[in-house]
Amino acid sequence: MEYFLLFISATFINNIVLVQYLGACPFMGTSKSTDVAIGMGSAVIFVILMATAFTWPLQHYVLDPYGIGYLQTIVFILVIASLVQFVEMFLKKAIPPLYKSLGLFLPLITTNCAVLGVAIMVQRSEYSFVKSLVFAFSSGVGFLVALVIISSIRERLDIAPVPSVFRGVPIALIMAGIMSLAFFAFKGMAA
Amino acid sequence: MVTSSILVLFLLGFIAAGILAAASKILHVEEDPRIALVENCFPGANCGGCGFPGCSAAAAAVVKGQAAPEVCVAGGADIATNIAAIMGTEVAFKEPKVAANICTGGSRANLLFDYEGVEDCRAEALLYGGEKSCGLGCIGLGSCVKVCGFDAIRLTDDGLPIVDMNACRSCGKCAEVCPTGAVRISGMTMDLLHLNEIDDCLAPCMQKCPAQIDVRTYINQMKKGDMRGALLTMKERNPLPLAVGRLCPAPCETICRRNIADEGVAIHTLHRFVADWEMNSGSRLSLTCNPLSGHKVAIIGSGPAGLSCAYFLRRVGHQPVIFEKRDVAGGMMKGIIPEYRLPEKVVDWEIQSIFDLGVEVRTGVEFGKDITVKQLEDEGFEAIFMATGAWKVPALGIENGDSENVLDAISFLAGVGKEFSDLKGKKIVVIGDTNTAMDVVRSASRLGAETAAIIPCIQRKMSANKKEVERAAELGSDLKFLTEPVRVIAENGKVSGVEYRELQYDDPKKATGKPKPVEGSEQSMDADYIIVASDRVADTDVFRTESGEQLFELDKKTGGIKTDPMTMQTSVPNVFAGGEVHTGRSILIQAVADGRCAARGIHYFVTKGEIPEISNPQLRVIPESILKNMEVIYTIPRIKVPEISVEERKSTFKEEVTGSIVYDEARKESSRCLRCGLTCYDSEAGAEYAADSDVHKFNEA
Ligand code: SF4
Ligand code: SF4
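Just so you know, the sequences run in chain order A and B.
Sequential numbering of the first sequence, starting at 1, is according to the numbering used here.
Sequential numbering of the second sequence, starting at 192, is according to the numbering used here.
No lab work stands behind these hints, which were simulated from the structure alone.
Be a bit skeptical, because a hint or two may be false.
[Said to hold, decoys possible] Pair by pair, the computed Cβ-Cβ distance ranges are: (1) A:Gly188 / B:Glu222: 48 to 56 Å; (2) A:Pro96 / B:Gly235: 15 to 23 Å; (3) A:Gly168 / B:Gly256: 35 to 43 Å; (4) B:His385 / A:Pro96: 34 to 42 Å; (5) B:His385 / A:Tyr21: 15 to 23 Å; (6) A:Gly168 / B:His385: 56 to 64 Å; (7) B:Glu222 / A:Pro161: 28 to 36 Å; (8) B:Pro234 / A:Pro161: 25 to 33 Å; (9) B:Val853 / A:Met175: 49 to 57 Å; (10) B:Ile197 / A:Phe4: 40 to 48 Å.
All figures in this text were calculated on a predicted structure; none of them were measured in a lab.
We put the CB at the ideal spot given by N, CA and C, even for glycine.
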């Protein structure tokens, strides 16, 4: 039950993009078509999980014991960037079809603040390792859900009679705002 | 604190760098440097139109030799040339293809589609089973717009997609996602060689036309005033629109769906109008042909079937050479079909347009005498198309049947204006019920002769067109229905008359079966000439080897060469046959259709070695396309075609009987077309003429 609530909370109530406002740039940049959105969303889930799995032990067995917790942000960035590079190389060698289909998204994730955000959030909430992983996975799913919803809306908007000044990113931002309001309705359901 | 921070970060960075360095060594993937070079040439659209998951995959495929330099659909010839330079190969010709939508919207028969809550064309599939792709079925979802990576497609205000031909790269994404098949990718070869299939969305008229002409599309183009487009649509299936526009008995009109509501569309009149429009403009529409493929094809006979086959082969890129026995090309169209039905200058103009494409003709060359299959093969012809026609009139086979002045219809018609320029005071008896018989009657009457015809059936059962028979009667000819000749009366070996008797059906009301002679009904009449026009058959004597064996298997029913109905291949694999030499006496458009069908077969035969089967060919009218009732809002009277008076026809020979119509009339007639799909039609057709005094709403009419 605890894990289920954690999942609901991370996916919907505290949705990483629409409620926490993290990862807004890939959210706008890769939400023009649903296919791309699904690709990006899946890649993010994968990297968030990996990043959390690496940064959690680092925090608990290196930063905290040696009292250098203040280095958290910079260390995490370094770890995530290296990790993404490593994953890229690994996939290219071991699973070329997956590497090809992820294509552009892997390097894009290096600079995705949602990944760093989740890594830091799990430390702040002082979750156990397993809980951290569940939280990370759920946040990734939340990102995917938000991305798929907005990309579906944007596909429709592409052919809708939108006044030219609003076409493209402006109307997408307005839609994101409205979606955000809608997600706020989940507030109070659980933690 | 600063020192420890720096130390920790340095250490961490060092470890990360170490791991990455080691990983890059271990996980290194050897890549051909040309892949990057090739990838750099691509425009980077990552559209996937090439069939590979993206540009880098396509580049890898090119380097591996799995794809050609012209693989990129988004890039033009320059890009292909650059890639070819990297790979050290040559660029092959790639036929341009574009996306097109033929759906014209309009208020279609929606109720018909109302099936379990589905109110669009997809209901059609549910109702009638099987998938139907319908070029008229756009439902305005705009899926095509969303997937186009090149901004080449947009929706109009009424939700119909329009393709920007210049921006389209024929990646095919739009056609892939279109749920109804309203958008499709096509190129010239595909358009020219496609034969109708049951799952195409076919209007009844298109199903009935032997050449499968896309009637609704060209009529709609005419309606919009796009005569050029209309002619191009027509020429996709019929390279002889002028001749067909004059001679076709228009089977399509009998089945035109508008017949259910009021009178069918005057399809044939519109056909002729479009063709005449080009000729009257004085300049020819330029047609594109693919560059020469290097495949040579011999065509025996320059009649409609041969010309049609040559035209299609040349346009898709092959090199046809026509061999003609006479010293003029054109087959029966030239010098046999009378001038008042098909003027010679019209035929010349039309044939020239085919020669202009680069089709070579060698006249005065007779098959079997001057050339043989073996010689043609030795000369490098990879396939041969037999289109020698049906020029033999079976002999009369009665007493004195070979007397002087008993002629066959073809020799007579060929002599009109030459040996037979004045027949005043002569009595001519024509035997037969064919169109050729009516041609003889009408030509002889025009030359002043007194004519009679011995016809072995009732008018309704004649093989000649109804109009032709009426026209012959109008000229005062004595048409003796239900009679047959008994013997020719000859004096000194020369015809002086004919004895004939009456016939009757077993059941005169139903008029079924073969009529039998009526005892004691023999009569005779005087005749200076007897012209035999009972039939025309293929002369198969020439298709023999030196030792006298038949070259090809013959068709028992028609007496012509037997072929596979879809590929037109004879029993000798590289020889094809079509037109009257295969079908026996038939209509012009059938020969044109055979020529096109053979061109398809030959194209695949010479390029691929085998001819792909058509999965679901449309061989007869699809029953569900014939709706029982229809609700059309506006009635517009069918156009009347001007004709010259009977008196004038008697005195002049050259004049064409039917005249042409004018532009505005043609457009108004076009607006009567309902632009039918298989099960739908535009019930609002003709609304643009609603204000005219002769146009009414159906419920007010
Ligand atoms: S219109 Fe269709 S085929 Fe043409 S470029 Fe766009 S997606 Fe490709
Ligand atoms: S109405 Fe038009 S599309 Fe329909 S059958 Fe007649 S000619 Fe063909």
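These are the hints, each one checked on the structure:
1. A:Gly188 / B:Glu222: 48 to 56 Å: holds, 54 Å
2. A:Pro96 / B:Gly235: 15 to 23 Å: holds, 20 Å
3. A:Gly168 / B:Gly256: 35 to 43 Å: holds, 42 Å
4. B:His385 / A:Pro96: 34 to 42 Å: Cβ of B:His385 to Cβ of A:Pro96: about 38 Å, so the range 34 to 42 Å holds.
5. B:His385 / A:Tyr21: 15 to 23 Å: violated, 55 Å
6. A:Gly168 / B:His385: 56 to 64 Å: Given a distance of about 40 Å, which is not inside 56 to 64 Å, the answer is violated.
7. B:Glu222 / A:Pro161: 28 to 36 Å: Given about 47 Å between the Cβ atoms, the range is violated.
8. B:Pro234 / A:Pro161: 25 to 33 Å: For B:Pro234 and A:Pro161 the Cβ distance comes to about 30 Å; the hint holds.
9. B:Val853 / A:Met175: 49 to 57 Å: holds, 55 Å
10. B:Ile197 / A:Phe4: 40 to 48 Å: This hint holds: roughly 44 Å between Cβ atoms.
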